[in-house]
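2 protein chains.
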Amino acid sequence: MRPPEQELEYLGDPETSPLRDSGSNHSPTHLGPSEEEGRKQRGVGSPYLFIQLNELLGSPQNQEWRETGRWMLFEEKLDLEARRWSRPHLPILSLSSIFELRALLTTGLVLLDCPVQSLSELTEQVTRVEALNPEVRERLKLVLLQRPRHHMQPMCWSAARRLGTSLCRGGHPTEMPSSAEEPPLKEQLQSPLWQKLPPGTEAAAVLVGELDFLTQRLGVFVHLPEPVVLGTLTEVPLPIRFIYIILGPPALGKGYHEMGRAAAVLLSDQRFRCSVGQASSPQDLASAVDVFLGEVMVLPPGGGDLTERISPSKCLSVLHKRLPLRLQESKDSCNGNVNSKRDRHGYEHEPQAVSKELQRTGRLFGGLVQDIRRKATWYLSDFSDALDVQSFSAILYIYLATITNAITFGGLLGDATDNIQGVLESFLGTAVAGSIFCLFAGQPLTILSSTGPVLVFERILFAFSRDHGLDYLPFRLWVGIWVAFFCLVLVATEASVLVRYFTRFTEEGFCALISLIFIYDAIGKMLSLTEAYPIYRPGLSEDTGFAPSGCFCYFPDTKGNMSLWKGQSPENKDAALRMVLGLANVSLLSPPECALRGGQPRGLGCHSVPDIAFFSLLLFFATFLCATILKHFKSSHFFPSKVRKVISDFSTVLAILLGCGLDASLGLSTPKLIVPIEFKPTHPGRRWLVPLFGANPWWVCLATALPALLMSILVFMDQQITAVILNRKEYQLQKGAGFHLDLFWVAMLMLLTSAFGLPWYVSTTVISLAHMDSLRRESATCAPGELPHFLGIREQRLTGLVVFILTGLSIFLAPGLKFIPMPVLYGIFFYMGMAALNSTQFSERVKLLLMPAKHQPDLLLLRHVPLSRIHLFTTVQLVCLGLLWAVKSTAAAIVFPLMLLGLVGIRKALQWVFSPQELSWLDDPVREENEKKVQEQKSELIYQLMAPEINISVN
Amino acid sequence: MRPPEQELEYLGDPETSPLRDSGSNHSPTHLGPSEEEGRKQRGVGSPYLFIQLNELLGSPQNQEWRETGRWMLFEEKLDLEARRWSRPHLPILSLSSIFELRALLTTGLVLLDCPVQSLSELTEQVTRVEALNPEVRERLKLVLLQRPRHHMQPMCWSAARRLGTSLCRGGHPTEMPSSAEEPPLKEQLQSPLWQKLPPGTEAAAVLVGELDFLTQRLGVFVHLPEPVVLGTLTEVPLPIRFIYIILGPPALGKGYHEMGRAAAVLLSDQRFRCSVGQASSPQDLASAVDVFLGEVMVLPPGGGDLTERISPSKCLSVLHKRLPLRLQESKDSCNGNVNSKRDRHGYEHEPQAVSKELQRTGRLFGGLVQDIRRKATWYLSDFSDALDVQSFSAILYIYLATITNAITFGGLLGDATDNIQGVLESFLGTAVAGSIFCLFAGQPLTILSSTGPVLVFERILFAFSRDHGLDYLPFRLWVGIWVAFFCLVLVATEASVLVRYFTRFTEEGFCALISLIFIYDAIGKMLSLTEAYPIYRPGLSEDTGFAPSGCFCYFPDTKGNMSLWKGQSPENKDAALRMVLGLANVSLLSPPECALRGGQPRGLGCHSVPDIAFFSLLLFFATFLCATILKHFKSSHFFPSKVRKVISDFSTVLAILLGCGLDASLGLSTPKLIVPIEFKPTHPGRRWLVPLFGANPWWVCLATALPALLMSILVFMDQQITAVILNRKEYQLQKGAGFHLDLFWVAMLMLLTSAFGLPWYVSTTVISLAHMDSLRRESATCAPGELPHFLGIREQRLTGLVVFILTGLSIFLAPGLKFIPMPVLYGIFFYMGMAALNSTQFSERVKLLLMPAKHQPDLLLLRHVPLSRIHLFTTVQLVCLGLLWAVKSTAAAIVFPLMLLGLVGIRKALQWVFSPQELSWLDDPVREENEKKVQEQKSELIYQLMAPEINISVN
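Residue numbers (this note's numbering), protein chains in the order written: chain A, 1 to 955; chain B, 1 to 955.
Just so you know, nobody snuck in bad clues.
One-sided and incomplete, this derived list gives chain B residues near chain A with beta-carbon spacing under 7 Å:
id: 1; residue: E81
id: 2; residue: L93
id: 3; residue: S96
id: 4; residue: G294
id: 5; residue: P300
id: 6; residue: D611
id: 7; residue: D858
id: 8; residue: R863
id: 9; residue: V865
Think of the hints as simulated: they come from the structure by calculation, not from any bench.
Every residue, glycine too, gets a C-beta built ideally from N, C-alpha and C.
Construct all of the structure, not just a fragment, from the sequences and the given hints.
Given below as C-alpha cells:
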C-alpha cells in the first residue's frame, strides 16, 4: 500500500503528439523505486480477460453506472433500447479515440502495481489526485462506490421479481453509497456467461462517464498485481486485473464512450496486456499503444459510423481464425513472434513429414508386426476409455447410420444380383465383419460398410458371370480368395506406404464417376418402374371409340367361372354377384389371380397397375427433397443448434421414414424391398455356405485371379485413402494408426464374407468420420463468439462393437423392412450421388465454368491461378470423366479399377502442362480444405461430414 | 511553367510526428508567390477520380512498371499470378503506411500547381531534386519514361497478337526510353473500363518502386492545374490530375507497395482532394492527412493481414451506401458537412410532408379538377416521351406479365363463378379497362388488373347470390353501379387524402389473409382433384380375392352391343373383335361413351381415371418449385446478370410453359382450362350485355347498396394504396400523381365491366412496379463496384396502351389456352400466396418466434425494440389474422372489407400498449424499407418486386 507520487496532467489538445518519441518534454507520472521490484514478478496473467465497460448514464441528478459493453475476443454491445446483447462482432474504433486515450495514459494517473483488496480501498487510491479539492474527491468516491446496473440474462427478471427491483437497478447514489461493495450475488453466479467462461479468466473494468462537478479530465489506469473480486463491479464475479477510469466534465458527442471502447479493445489485445505486464512507466504504456497502433487495420473514412457490426464469422474469416490462435500462443505473443510458423494465410505449413506408421520397415510383414505391437499396448484402455455418456449418443447415431446404409446398399445389391445377396445378407455381413474389425483392427474408430466402388464392381462382376454362364457365388468366392491373397501380399510388402502418391485429382475423378453412376442408376431405376407400371393414356385409342382402360378375366366356360366362387364367404359372394350381374363368363379378377384360377386376362389395361408410376415418382422426389432439405437444415437459423444438428444428422433416416409413412398412408402396391421372413438367405436357391466350385469349370479358380487383381486395386484404394483421412494429424489421435493391420483384417473378412456369400466390406469414410465427430471432446467453456476448442477424440473399440452387435440383433427387425418402398431407396441413392458430387472441389470448378468472372466467389484459388488455367484443368477432368464413363459403359467395364491407375498417370502427365505452383493450388487437398474451413467456419470434422454420403472412401 | 523552389528533405524516422502541430520546426517545401494565385483558381476537379498504382517489378536488371492496383470508390487489386482483377473491395491499410506517407509528404517534393503538358516535361520537373547527382537524375528519367505494362482485359490478348508483344509488355528500359510518351493506344480506348467510366473522370497515377541506385527515399507529389493525358501512363487515357511518385532504395517487406496503396486510398477520398485543392504548403497536405486519419475506422490487430478483401456489398453495407452518397455531394464535402441531413443510419429523414396531390382543396371534385389540369399539360409529352428502345422491352415484359395474370385470374374466377366469367372475359376486360385507363388516367404507369382482394370478394358475392337464389350477373351489375356511385362520392369529397392513415399493420394483416386464402384454396383445389379422380387402392378388396380395377360396359342385349360397331373402320373392328372375342355382351368403352351408346358401366373402377390424381400433384409441385427456383435464380451466380434477370422476371411464364410441356408430353387427360372456341362468353347461357334485372326481384337494386359499400371500401383501399406506393418520392416522378382522377376512372370502368359481365379491375401493385422498373433510366457509367445511379422513370402512356392492345389481340390466341392444365394454375397460385406471405415483415417476425435469440439476424429492429415486445406485436397480428380467418369462414364472409377498418382500430388501440418509439420501428414502412434496402443491396424498384406476386395491392 504505497501512495504513488503521481502527477496528474491534463490533456491540452488530444490530437497532439500521440506517437512522439519517448524523449518527450512532457513529464509523465512515474513510479517509485518499490514498483521496480513488483514489475519483475508481474505475470502475463490469464490468456482470457473479460472486459466490461460501465458508463454513467441518466440525468446529472440521477446518474447510475450501467454496463454497456463487454469484450473477450469480440465486442458485445448492449442495445439499451432492445435490452439485449448484440452478437459478438469485431469492434470498429475511431483513430482519434485511441489517440485521446494514449494522451490520457501518458498524462493521467497510472498505478502499475496497486495491491488493493476492496472497492473502497481502490476508491481511496484512485481519488488521491492532487488536482482535486476535497469536496470533489468525496463526491467522486460516492460515485465510484455506487453499484453498477448490469444487464442480466432473462433469468434475471424472475430473480428480480423475487428480490424486488434492487437487483437489476442500482440504487440512488446518495441512498446506497457502498452498494458495490457487496459480495457476489447469487444471480451473478447463475448467469449463462459465468458458466461458459474458461477457468482462470480474469476481468477488467473500464469506467467512463461525465460528471458535472469535474472541471478537467481524469484518467486512472490501475493494474492489480493479484487480481481481486471487487463486489458487483463486473457482471460476473471474476477477479479483476485491470481497471481504467475515465471521467470528465460533460462534453458533446460520444467521446467518453468511444474512449472507453478504445480502452477495452486495447485491453482485449493479448500483446498489449503483455506490454503492460512489463511496463515501468506511463511512457511504456504509450509505447504499447504505439505497438498496437502499428498492427491495427485501417478502413478509409465512411462517414464515421462506428455502429457497424462486422460479424466475425462472415467477413473477416481469416482474421477471426487468427484471433483465437493468438490467444493460444499467449507465451509467444509477448515475444512479438506471433505468426512465425504460419504463412500469410494463417495456416501452419508443417513439413509434409511421412507419419511413423507409413514408414517402410523393409522386412516382410514388418509393418503388420509393428502395428500389432503398437496396438497391443492400448488394448485395455480401448475399452476403459469408452466409459462416458457421450458414447451412448455416438452409438445411437452410428447405429442408425449403419443400418440405413445396410438397408440402402442391401436393397441395391439385391437389385443388382437378382437377390442372391439382399438386405438380410447385408445386415448379417455388416454385423459380423464390423464386430470382428472393431475388436482386432488397428484403427477401431473405422466403420466397415458396403461402399459405392465395391458395389459398382460387384454389379459388373455379376453381369460378367451371368453373361458367361457362370455360377455366381462360387465364382465370387474364388475372386474373394484371390483378393485376400493379393491383399496379404500388399500387407507383406508394406504397400500401404504408397498411398500418399494418390492426389485429389485421382480421388475426385473416381468420386465423380461413382456419383454419376449412382445418379444414373437411380434415375434409370425410376424410369424402369414406369415401364413396369405403364401409365394409362386414354388418348391412344380415342379415335377408335375404345378406351382400353379395363382388364377383365375371361373364363372360357361357365364351370371355370363357377370355380371362382369356391372358398368365398357368402358376403363376398353377394358383392361379387352384384358386380358381375348379368355376366356369364367374365369377372374383374386381377391378372395374376385370373390366370391362377384358369381364366384369361383380356384388355389393354391388364398389364398396368394404375397410379403406381406417378406415385413412385412422387415418393422418389419427396424422399430426395426431404433428405436434401433436412441435411441443410443445420445452416438455417431456426431452433437451437443442437436440435438442428440432430435433424441434419438423421436426415436420411427421417427421409426414409417420411417416404414409408406416405406410402403406408395411401396403401398402394408400390414395389417394396424384398426381405425374407425367416432367417435364411434372401435367394431361395442358395445356402449360407458357398460351394467351392458349384456348376463352374475347374479353371475358374485360376481365371478369377484377373478380376481379383482389379478388385484388389479397388479395395486397396478404398480402404487406405479412408484410413489416411481418418488418421490425419488434425484429429490429434493418441493411439496411432494401423494401416497394415487394418488391411490385413479387411483381407481376412473378404475371405469370410466370400465363403458365406455376404457382401464385401471396406472402411467407409463418411460414417467413420461421423463416428469420430460424435466422439470428439471439446472444451466446455469459451469466449462469446469463439468456437469451442478441440481436445481430441475418445479413441476406443466399444462404441463400434456395440453398434455392430445392435446391427446383428436388428436382423430380427428385418421383416419390418418389407414396408420400405423401393422408390424411397432410389431417392436416397439419388441424394447420395448428388451430395457426393457436390462435395468435390471439381464440381465447384465446373460451376465456375458457368459463372461470369465478375460473379465468381472470392476463392483463394482464383486469386492465384489464371481462370483459363483453372478451366483447362477442369476440362481435363471432365474429359477423363467422359472416358471413364465410356469405358464403364462398354463390355470392358470390369477393368474400371485399372482406370484409377490411368488417372494417376494422367495426373503425372499434367505436370508438363501446369506449373508446380498452379498444381499446388488446383490439386493440393490440404490447402483447399483449409480454405474451405475458413469459408464455412465449420469445425474440422463437421466439414468432413459435408463429404459424400455415398461412402466412396475416396472423397 | 515555373520551376518551384523546392527543398527536398529526407525522412529520418518515418514514425515520428505524423500529427504534430503545424508550427513544427521542420522546414517544409513551400511555394513561390505565383502559386498563391493559381491556388485560388484550383477547382475541386471531377468528383470521379480514377487512381492507378504502378509498381516497378522484376529483377533489378530488368525492372518494368506494372499496374498492380486501381481505385475509384473501391480498391481493385491485380492478382498477378491469376492475371485478373480482384472484385472491388474496401481497402484495408496499415496505419504505419499512412504515417510514413504523411512524413514523406511533409519532407518530400510537393508541386502544387505544376502545368506540365507531357511526360518528359513532368520527368524534368520531378527530377529537379538537389540531392540527386546528374547521373542518378538521368537514370531516374529513363525509368520514369519507361512505358508501364497495364493489365488489359482479355481482348487485349488478341490485340497483342496483332501488334506483336509490344502492347501488353513494356519494352526494356534502355531500348524504349520514351515509350510512355506515345498517344493513347486504340486498345486503351476499347477497354471495358473506359466505356464504363463516368464522363469527366480524371486520373491520378501513383508510382512506387525500389531502385538500387537511390540511396534515399524520394517522394514527389504533383498536382496539375489542368489535367493532361500523359500517354500510356494510366490504363485508360484519362487526363491526369495528380501524380505521386515514391521511389527509394531496396528495402525489406512490402513497405513501398503499402505506401502506394495508402496514397491511392488517400486520393480516392473526396475530402482529401478538396483539401489538396485548397492547400498552399506541404503542411496543409499533412493536415489533410490528419483530417483523413480523424475519419478512418480502425479494426483491432488481426495479425497484420492486409490481403483481406471486404466486399462492399456484403459486410459494411451502410458504409458502402454512404460512399457513393458522399460522391454526389462533392460540393458539400469540401465544407466538411457531409451527412448533415442524414441521421446516424445514413438516411435522409425528410419531413413527412403531405404531397401536393394529397392536399384537400375543400371544393367538390376540387381534387379531380386539379388532377385533370395538371395532367393535361403533360398529355402530348406522354406520347413523345415513349420513343425509346427501352419501351419495347418494357412492353414485352409487361405484356407477358399481364396475360399471365389474365390467364391465372381468369381461370380462378371461372372456377369461382361456375364459368360465368372465364378467361375470355378476363382478356377482354383487361384489354378494354387497361386501355381506357392508360389513355385517360392520372398515373398512366399504373397497370389495371384483377387483384386478390377483389377476386376473394367476388367469390363471396357469387356464393351469396347462389345461396339466396339470385341471378348473379344482374345482381353484380347493381353492385357495380352502387360501387361506381360510392367511388364518385369519394372522388367528390376528396377522400383519397385519408389514405395516409393506413399503416403497415393494416396492410400486412390484410395481405397475409389474402395470401392464406390463396394457399388454402390452391391446396383445397388439389385435394378436390383427388376426389374427382380417386386413387386406385388394390388393398381394399384384397381379402375377397377381387381386384376391382376394371370398368366394363355392359349391354343388356346383343343389339346394343352390335350398334357399337357402326361407323368403325374394318381395322379397328378387327382389333375390337379380337379384344371382346368370346364376349356376348360387354365391352371396354369408357363410362361416358358407354352411357352414350346405351350400355351400363359396371365395376368399381368406372368412376376413376387412373394416374390423373398423382400426375396432377406432380404438375402442381413441379410448377410451384419451378416458379420459386427461377424467381430466386436472380441471386445465383450463374450466367450474366441480364440473363438471370430475364429468367427471374419470367419465372411464372416459364413455370406455366414447363407444366404445359410436361402435360402435353404425356398426353394425359388432366383437367384443363375451359376456354370458348369462338368469341363469345365462356358460359353458354349468357350474352355480353347484362340485363338490368334478369330473374331478380326489383328490391335487389336497393339491397345491393350494402355489399357495394363493402366493395367500395375494398376498391378504395386496393386502388389508393397502390397509387401511394407508385407515387413515392424516391421514384422522382416529374409529372405528378392523379389520385382523384385514377379513382374516377376506376369507378367508370367498374360501371362498364359490370354492364358487360367482365371482371372488375383496380391498380395492381406488382405489375405496376415492374412496369416502372422496366422504364427506369439509369446512368450508363459508374465506378467499379458502384451501382448505377437512378435518373428517373420514363413517364408516358404509350407502353401501357400497347400492352393492353396486345392483350386485346391475344383473345384470338385464347383457344390455345385450353392446353393449360388446371393443376399448373393452382401451382402458380400456391406460389403467389407463398411469395406474398414471405415478402411481409410480418412473416419475418413470425420466423423470429422460432429462432433462438443467438441465431437471429442482426436487424436494426432487433437493436432497438426488446424481443418480448416484438413477439407481443407479432402475436397480436397473428390473433387478428385468426379472427379475420374465422370471420371469412363463416356466413358473414361478405363483411370482410369491414375488417380492414377493424384492423385500423386495433392498430389505434396498440398505441396504448406500445411506446411511439417501438411502433416507429415495428410499424413504420419507410424505415423498414430502408433497412431492407441496406440489407439486400437492391436498387429501389427491384426491392418492390420481391413484394407479392399475388397482386394484392396492399403489400
